[in-house]
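J.: Please work from the sequences and hints to get the whole structure.
Given next are the chains, with one letter for each unit.
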Amino acid sequence: GQQLNQSPQSMFIQEGEDVSMNCTSSSIFNTWLWYKQDPGEGPVLLIALYKAGELTSNGRLTAQFGITRKDSFLNISASIPSDVGIYFCAGQEGAGNNRKLIWGLGTSLAVNP
Amino acid sequence: DGGITQSPKYLFRKEGQNVTLSCEQNLNHDAMYWYRQDPGQGLRLIYYSQIVNDFQKGDIAEGYSVSREKKESFPLTVTSAQKNPTAFYLCASRSILQGGGYTFGSGTRLTVV
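Going down the list, the protein sequences come from chains A and B. Take the first sequence: its letters are residues 1 to 113, numbered as in the numbering used here. Take the second sequence: its letters are residues 1001 to 1113, numbered as in the numbering used here.
The set of hints was computed from the structure by calculation and includes no laboratory data. On a predicted model such as this, the values are computed, not experimentally measured, just so you know. Possibly wrong hints are sitting among the right ones.
[Claimed, not checked] If you want a taste of the chain B side facing chain A, the calculated C-beta under 7 Å gives, among others:
no.	residue
1	1016
2	1104
3	1107
[To be verified] Covered stretches of chain A, going by a simulated chain B footprint (3 or more residues, C-beta under 8 Å):
no.	segment
4	26 to 40
5	53 to 62
6	103 to 111
Glycine included, each C-beta is placed from N, C-alpha and C at the ideal position.
T.: The structure is reproduced here in structure tokens:
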């Protein structure tokens, strides 16, 4: 099936640093979602974006829906050890909530205290 | 609290045996999904259901079967025809009316011994 191009694949940073990751698609999306997965657990929704150009924050996390509707980024400011995990982007083509999500392969984040 | 529950958390299966993974949600969500997660491959869709008594194959349905007799329940059977069943299995649900992201269970790790 179709997948998104998510980068970087992995990151190793120092506590307190800012982090940025992004996803790109060859097709236009109507919805972008960002999830975080802790080891051995299911992904948890961080931020949902529904409009081109939309910029949304959730605490230290900020995500944007690209104006071309083919990309999205997630920033984490002032990283802390509990930010460790895998971050996934997901997108939905077209209107209608019965459409399936398309997933990126994830960005694995490690934070050195 | 509303949520989605997967059981068991860990499951061991002998080769040639069928096993059934449970997924129950009390969120009143219409749609339910089963994903398989392998290291470095992200989330791959096995089956999904948008309404009771109806379900659709995802990208990797071979060797799996599902049923949707009740809105709350979407069990997944891993059959002996699945050649490489060892993986982390995630169940998710979503409200088609409200849209938004998927809510995930905490996963079942299946190991073939």
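J.: Can the segment 53 to 62 of chain A be counted as covered by chain B under the rule of three residues or more with Cβ-Cβ separation shorter than 8 Å?
T.: Violated - the segment 53 to 62 of chain A has 0 residues with a Cβ nearer than 8 Å to chain B, which falls short of three.
J.: Count the residues of the segment 103 to 111 of chain A whose CB lies closer than 8 Å to any CB of chain B, then report whether that count reaches three.
T.: holds (count 4)
J.: Interface hint check: residue 1104/B, Cβ to nearest Cβ on chain A, cutoff 7 Å. Holds or violated?
T.: 3 Å, holds
J.: Does residue 1107/B meet its interface restraint, that is, does its C-beta lie within less than 7 Å of any C-beta in chain A?
T.: Cβ of residue 1107/B sits 5 Å from chain A, so the hint holds.
J.: Can we keep the residue 1016/B interface hint, with Cβ of chain A closer than 7 Å?
T.: 27 Å, violated
J.: Can the segment 26 to 40 of chain A be counted as covered by chain B under the rule of three residues or more with Cβ-Cβ separation shorter than 8 Å?
T.: Answer holds; 4 residues pass the 8 Å Cβ test.
Going down the numbered hints, you'll see the structure goes against 1, 5, while the others check out.
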